[in-house]
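There are 2 protein chains.
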Amino acid sequence: MQIESQSPTDVVASYKAKIDESISRFFDRKEEETKDVLSKRVIKIIRDYTEGGGKRLRPIFMILGYRLFSPEEKGIFDASISIELAQSYLLIHDDVIDKSDVRRGKPSMHIRLEDAFVAGCPQSRSTAEGLAIVAGDLAESYAHEALLRSGFYSENLVKADLELSKTIEMTGYGQFLDILSTTMDDFNEGDLIRLHLWKTAKYTLEGPLAMGAILSGTEYDITALREYGRVLGIAFQLKDDILGLFGDEKTIGKSVYSDVNEGKKTLLMIKAMEWGDRDDANFIRKMLRKGNVTNEEFERIKKLVMDTGSYDYSINLMGKLVDKSKEYLAKVSGDNYVKKILDWLSDYLISRDH
Amino acid sequence: MQIESQSPTDVVASYKAKIDESISRFFDRKEEETKDVLSKRVIKIIRDYTEGGGKRLRPIFMILGYRLFSPEEKGIFDASISIELAQSYLLIHDDVIDKSDVRRGKPSMHIRLEDAFVAGCPQSRSTAEGLAIVAGDLAESYAHEALLRSGFYSENLVKADLELSKTIEMTGYGQFLDILSTTMDDFNEGDLIRLHLWKTAKYTLEGPLAMGAILSGTEYDITALREYGRVLGIAFQLKDDILGLFGDEKTIGKSVYSDVNEGKKTLLMIKAMEWGDRDDANFIRKMLRKGNVTNEEFERIKKLVMDTGSYDYSINLMGKLVDKSKEYLAKVSGDNYVKKILDWLSDYLISRDH
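As given, the protein sequences belong to chains A and B, one line each in that order. For the first sequence, position 341 (counting from the first letter as 1) is numbered 341 according to this note's numbering, and the numbering increases by one without interruption. For the second sequence, position 80 (counting from the first letter as 1) is numbered 434 according to this note's numbering, and the numbering increases by one without interruption.
The shape of chain A in the complex, shown without the other chains (with noise of 0.2 Å):
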């Protein structure tokens, strides 16, 4: 069916769809693929990792950045979930230098490994954050196989996959300073676009949206589609925040505390802080540094990042850089439809509550 017949709505369901079933695939293959039971053991909990979560939105991502030049075809949705157990693998090792239990309101991987491997053992939680490490490696090495195998031509292929490298490489120094970030105390707004732009911006939106671009083969600059990507991703991640401090539980799948307990400085914070008054500015900065804060704490932090400002200011920044990814959105090249799908993916990602 062609997508121009089908609402925004309806080809992103059916995308994910499509991405499920080639996740479900790859593990099949994975599964089948070895005799022993340890390494199948550890397979199929990467597995449920992988297949128990996720908007899917890394890999929507990469097939509409495909699909601007190329007509669909299955090896793409093969290739897309590349980025999906890149996601994993980030997501295992972001819960294990966190030390965050939980992970899309389910345990995270170390808990699962613990659990599964060496409940009871004397320093069970430490051999299972090894364990972790390794789980998230090996995630790694999946999305590298997923595109390799995933039979487009090679020299799309080696493009792609140096792309993907790339990706995870940028996600790598915003992790490093968003780690560092903590101890920073002059951590500022500057610092924190650039975390978002490394952290967030290249792996959920430029990387993909590249990786697709590049495996249709496509000759047209895809300058533009990789500032789109950058400035919507930088949107998204301030949504990610604001849902983190003004979210619902439930539907964010982690505790609206955990943000301020890991001590992550939000623009939210930020902002908080450079506008409250000297009390209230160190009251946060305490909060960020202490951990475990009280409800009553909790709430005084939310009703300061209202009452400075702190909450408008995030709230019109991500309507910026939502026009702003418009703009660009217009220059990009390829087919219409699915420019379409991407403006209403862009409003999307800044009105979800989750």
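Please note: incorrect hints may appear among the correct ones.
As the list claims (entries may be wrong) - Listed below are the simulated DSS-like cross-link pairs for lysine-lysine, each with C-alpha atoms no more than 30 Å apart in a straight line:
hint : chain 1 : residue 1 : chain 2 : residue 2
1    : A       : 166       : B       : 389
2    : A       : 159       : B       : 678
3    : A       : 320       : A       : 16
4    : A       : 303       : A       : 254
Said to hold, decoys possible - Derived DEER-like restraints, expressed as beta-carbon distance ranges:
hint : chain 1 : residue 1 : chain 2 : residue 2 : range
5    : B       : 508       : A       : 352       : 49 to 59 Å
6    : A       : 275       : B       : 456       : 30 to 40 Å
7    : B       : 477       : A       : 33        : 56 to 66 Å
8    : B       : 460       : A       : 185       : 42 to 52 Å
9    : A       : 352       : B       : 395       : 34 to 44 Å
10   : B       : 375       : A       : 249       : 53 to 63 Å
11   : B       : 458       : A       : 292       : 35 to 45 Å
12   : B       : 409       : A       : 185       : 38 to 48 Å
Claimed, not checked - Take a look, some chain B residues computed to stay more than 12 Å from chain A by CB distance:
hint : residue
13   : 456
14   : 497
15   : 503
16   : 594
The hints are simulated quantities; they were obtained by calculation from the structure and are not laboratory data. For each residue, glycine too, the CB sits at the ideal point set by N, CA and C.
Put chain B on the given structure of chain A with help from the hints.
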């Protein structure tokens, strides 16, 4: 110069020098590529880590795998560093998992990162471990990048990168088994050989040899070459375990206590427990659980390994595996002088003192 006119020692030494040059070139480009100060510092630390040690065995095997079927060319040196970068990544994560502070006689990655970025901060060690997880992930990206940029035909690059990804994957299953082995009371010789096959043989020998052969574009069957790598790889690890217990601390670059303190169930330990009397076996079992052994306890372990015949068993098995590997080598297609160097390297691997 044709390698036929050089001795194996000279060929290996000249390869090592060219590998080191390729590593320098790679990191020069990485450092130039980014204007960001933090990223530059991170790249520099991974560079120092990679440049600072290692026998470059894996890239040497990769080059020889290539040279079996193809004349020397610059691209293969650039491609070969991919497996050395993968080695950096594995060692970095390995040391985080084992909480080892020393590698190759120098601080391990998390210690370097602690000193460079978070010295004096609260929870500096655990923050640095998080940074080291990311540094390992970056080194893995670099591994793929080095290979994909090496300039070979895309078709061969795709196959070689799949082999790299498979190699990293197998090492992951091996790492998993290695971590769990410390908690398994019934971990036996069969499990151990499987562990050595996955965690050592694949990424030290089989993978690099296969990657090199693949890049040459050879249409010869490389099954015997893979078998050679697998069998010799197990012998290599047996030698490593012997050095880990009986080697000279200064030469091997880590504490001779560390294998015992990490609870490593090497073949030396397994056979000493199997053949020692009940008290002796229980003593070894206890020491492997305990960690932090005293000098007296350590000497008693070594004596038991000798007295039970376990040491001789490892030495004999190693010899048999090397003989077997030479049988496979005889069946390998390709250049005869390169095969002579491989033969010489087989002997070196089991006679080395570090």
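Do the hints match the structure? See the list:
For the suggested pair residue 166(A) and residue 389(B), the alpha carbons sit about 16 Å apart, so the restraint of at most 30 Å is met. Only pairs whose Cα atoms come within 30 Å are accepted, and residue 159(A) paired with residue 678(B) is rejected, the gap being roughly 41 Å. Pair hint residue 320(A) plus residue 16(A) holds up; C-alpha atoms about 29 Å apart against a cutoff of 30 Å. At most 30 Å may separate the alpha-carbon atoms for a hinted pair to count; residue 303(A) and residue 254(A) meet this at roughly 21 Å.
Here the CB-CB span from residue 508(B) to residue 352(A) is close to 39 Å, at odds with the stated 49 to 59 Å. The given range of 30 to 40 Å is broken by residue 275(A) and residue 456(B), whose C-beta atoms sit roughly 48 Å from each other. In this structure the supplied range 56 to 66 Å is violated for residue 477(B) paired with residue 33(A), their Cβ-Cβ distance being about 41 Å. Here the CB-CB span from residue 460(B) to residue 185(A) is close to 31 Å, at odds with the stated 42 to 52 Å.
At roughly 36 Å, the beta-carbon separation of residue 352(A) and residue 395(B) lies within the given 34 to 44 Å, and the hint holds. For the pair residue 375(B) and residue 249(A), the supplied restraint of 53 to 63 Å holds, since their beta-carbon distance comes to about 55 Å. At about 40 Å, the CB distance of residue 458(B) to residue 292(A) agrees with the hint of 35 to 45 Å. Our hint of 38 to 48 Å for residue 409(B) and residue 185(A) holds, since their Cβ atoms are close to 44 Å apart.
Taking the minimum C-beta to C-beta distance to chain A, about 18 Å, the non-interface status of residue 456(B) holds against the 12 Å cut. In this structure residue 497(B) is not separated from chain A by more than 12 Å, as the shortest Cβ-Cβ distance comes to only about 9 Å. A beta-carbon of chain A is positioned within 12 Å of the beta-carbon of residue 503(B); the least distance is around 7 Å. A cut-off of 12 Å between C-beta atoms confirms that residue 594(B) is not in contact with chain A; the least separation is 20 Å.
Violation of the numbered hints given earlier is confined to hints 2, 5, 6, 7, 8, 14, 15; the remaining hints are satisfied by the structure.
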